[in-house]
Amino acid sequence: MGLKQNLHKLKEKYKGTKMEPAFNALHTFLYTPNDTTHSGAHVRSADDLKRTMNTVIMALVPCLIFGIFNTGYQHYAAIDNTLRLDPLGNFFTWDNFILGAWTVLPLVIVSYVVGLGVEFIFAIIKKHEVEEGYLVTGMLVPLIVPIDIPLWMLTVAVIFGVVIGKEVFGGTGMNILNPALTIRAFLFFAYPTWMSGDKVWVQGAQAMAGQPDAISGETILGTLAANGHPVYSVWDMFWGFIPGSVGETSTFLILIGGLFLIFTKIGSWRIMLSSVIGAIVMGLIFNGIVDQGWIQEGSKFYGLMSEVWWHQLIIGGLAFGIVYMATDPVTASQTNKGKWIYGFFIGFMAIMIRVFNPAYPEGVMLAILLMNVFAPTIDHYVVRGNIRKRMKRLKVKTA
Amino acid sequence: MALLSKKDSRLILDPLADNNPITIQVLGICSALAITAQLKASIVMALSVMVVLAVGNVVISLLRNVIPGKIRIIAQLIIVAALVIIVDQVLKAFAYELSKQLSVFIGLIITNCIIMGRFEAFALANKPWRSFLDGIGNAAGYGLILIIVGFFRELLGSGTLLGFKVLGDPIAKTGVYAFGYENNGFMLLSPMALIIIGIIIWAQRSRNKALIEE
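These protein sequence lines map, in sequence, to chains A and B.
Taking my numbering, the leading residue of the first sequence gets 3, the next gets one more, and so forth.
Taking my numbering, the leading residue of the second sequence gets 2, the next gets one more, and so forth.
Simulated from the structure, these hints should not be mistaken for lab results.
Hints are all accurate, no fakes.
Derived lysine-lysine pairs resembling BS3-like cross-links, with alpha carbons at most 25 Å apart:
1. A:129 x A:52
2. B:210 x A:129
3. B:210 x A:128
4. A:397 x A:339
5. B:41 x B:166
6. A:52 x A:17
Modelling step: build the complete structure from the supplied sequences, incorporating the hints.
So, in structure tokens, the structure goes:
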């Protein structure tokens, strides 16, 4: 007897009991349900929510693997700076992988176990099917936190994010804010010392602080916000050999993931493109201000403002946020025109927050959350505008 | 309760739960978000509102046949303002540190919707003794929520209760801090107070389904 029969038998056994939703969820996650439609005229698509989610997860896996290697690489490179002379040669090594896997996989496991646990509990209490929403969130969360975040903090944040960010609104598909970013924002405001500074981005830096062989590593944004000069080359930034949250450093892999999402029609190209345009516009405005000499070198905004506009796209979590989180179909705008506006302001705001608020070195998280809130309003006016246009056309015809 | 008739005791007990000014009528949210980062401030605020509301209700009730309907809001405002100034001066005289911490929020009791709401809805139409009970009850319902929120915010945000380090010392790493626990900075920010009030509302309505509006 195969796994499927066993699962089916288990499911039958628990039918009608409290635990039914839990077994149903497991069953449909692994196999197509038995009760699909067989006849009659229906609109059908090969996609259901679970397949959509799985596609996004597939697009995230390269970032995860890269993040594992990068964790090890940043740790050893912080100890021995000469490794940075040949990043590619020293990157895909067993040492890097083992250290990375040892620290990244617990984050992934905690994120999934806690998040799905909360979803299962809610499904059993509220007697509905377990919703798939957490599959993507669970993968995003470990990729957007600093590597050394204590697991209990992650647990608290995931419970908060799933309950307050999603379940109180009615579960998957009803949430206003992106749950993964809600989790990150909670961590950011609750435990700021673990979410910013120069001690959290390199594995082991916090534990070794104060010792003679202490290591540290600041993100590029952190360095720029302090008017410093980052030591990384543009190619390092593009390939991702830089410190940062676990999975968001490699712009190259995010670009591949983004193209994959656009090709499979899961992610909206309108949002991605307009966000990039928004970021470029804001970057150019700041560059222009610097060129005009309206801001002096001593100003605290100078470091970030003078950064060349296209560098803004490849540093920090901007690319990751735009590709994987701004495009979340639940919290983004639904109308096509709305998507352009929504995306543009995400890029625009992200760079603005980055420059003007050194306390929040990465603006893309707050920019996306802010625009999540405005997305329904944007849609409302787009739809209203469309109705008005059509009414005018109707009047011309009937007149 | 032998002290109060059944009808009178409802005036006190209803606002504590099923007709709570904050969680059901959603009044007085501003101060509940602003001053609840510490338990002590919450308690002082609750007591101040109780004094103002109980005395104000009695005064309004005594004057209810004298105040002309057209200018009653102005009249009510003057009475609240006088009472709030008295409370503010008393605090400044006897608890200066606390009054500095509460800063403008004592003065802003004037704008607390619960107070004008009770004047309008109850004191203008009822006798002094019942108005007094109503004021005590509503202020107690308001204070109860303030104290719950203040309790959790101070405990989880600063690790203290009324200033005592109940969870240990975060700098010397004693108590729970020895295990790597850290204070939750989010608790000290006002949005978290809104979330805690939201959770109280959620718990209350899932316990008593009659409170859920259509």
